[in-house]
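Enquirer: The chain contents come next:
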Amino acid sequence: MKEEFSILNSIDELPVLAGKIEELGEKWDLPMPLTMNLNLVLEEAISNIVFYAFHDKGKHPIHIAVQNESHEIEIVIEDSGRPFDPTSKEKPDINLPAEDRPIGGLGIFLISKIMDKVEYKRENDKNILILKKKI
Amino acid sequence: MNLTKKNTNGFCILSIEGRIDTTNFNEFENEIVGIIGGGETNIILNCKGLNYISSSGLRVFLIAQKKLMALKGKLHLCEMQPTIKEIFDISGFSTIFKIFETEEEAMA
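Listed in order, the protein sequences are those of chains A and B.
Under our numbering, the residues of the first sequence are numbered 1 to 135, in order.
Under our numbering, the residues of the second sequence are numbered 1001 to 1108, in order.
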């Protein structure tokens, strides 16, 4: 089973995306906490693209494919923004006390903790992020 | 996201309803920073109605914690849903916040 959709690089598109993932969760009969986590992972990945991938103020499509096969969810996110490899980001130290914890920097870390596999490729001037989780 | 406020036993209790995400964390941040700025230093965040949080929302929890620590105040969280608790666990936030089962325990 596979569903694909495109959204624009705007924060206003996030609720639209969340609605689509919720529909998918119902259609594929996924447990609610899983649907919530998939939504979270997508929000983190897409908001990074929206905030950092494009220098102009133009509208750019972001392509998202979600596949549910052989007890595995695979999400592929493609954008044509500047090269950005989220897997190369340094992991935050989650054992620091509150006063030493930096504000922010948790999004990509959450993706890596929720999903089993996170892969990044740069192909044809596109960032391709592949996220996999066994279910 | 909706925030309701009541004052009981020396605590300002804020009940959060709905989602805190990239689209509305600013609203949550402004409200809570405003409440701390208004002089409330013992705050309970009742998370019973909080059903979704992303890193943008976690960021605001950390800002509130840092502000209240600097003021020698208290920030207690309670009645968190398991899916939200899991996000707090994996981001290491469960160790930097005092999390209670019930509002009564959070006030004790």
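No lab work stands behind these hints, which were simulated from the structure alone.
Note that the structure is predicted; figures quoted are calculated from it, not measured.
Hints are not guaranteed to be accurate.
Residues of chain B placed beyond 10 Å of chain A at every Cβ, according to the derived structure [what the hints assert, rightly or not]:
hint, residue
1, 1008
2, 1015
3, 1036
4, 1071
5, 1086
Rough simulated footprint, nothing fancy, chain B against chain A, three-plus residues with beta-carbon under 8 Å [said to hold, decoys possible]:
hint, segment
6, 3 to 14
7, 32 to 46
8, 95 to 102
9, 114 to 120
Ideal placement from N, C-alpha and C gives every residue a C-beta, glycine not left out.
Enquirer: Check each numbered hint from earlier against the structure, then list the numbers of those it violates in ascending order.
Expert: The structure conflicts with hints 5, 9, although it agrees with all the remaining ones.
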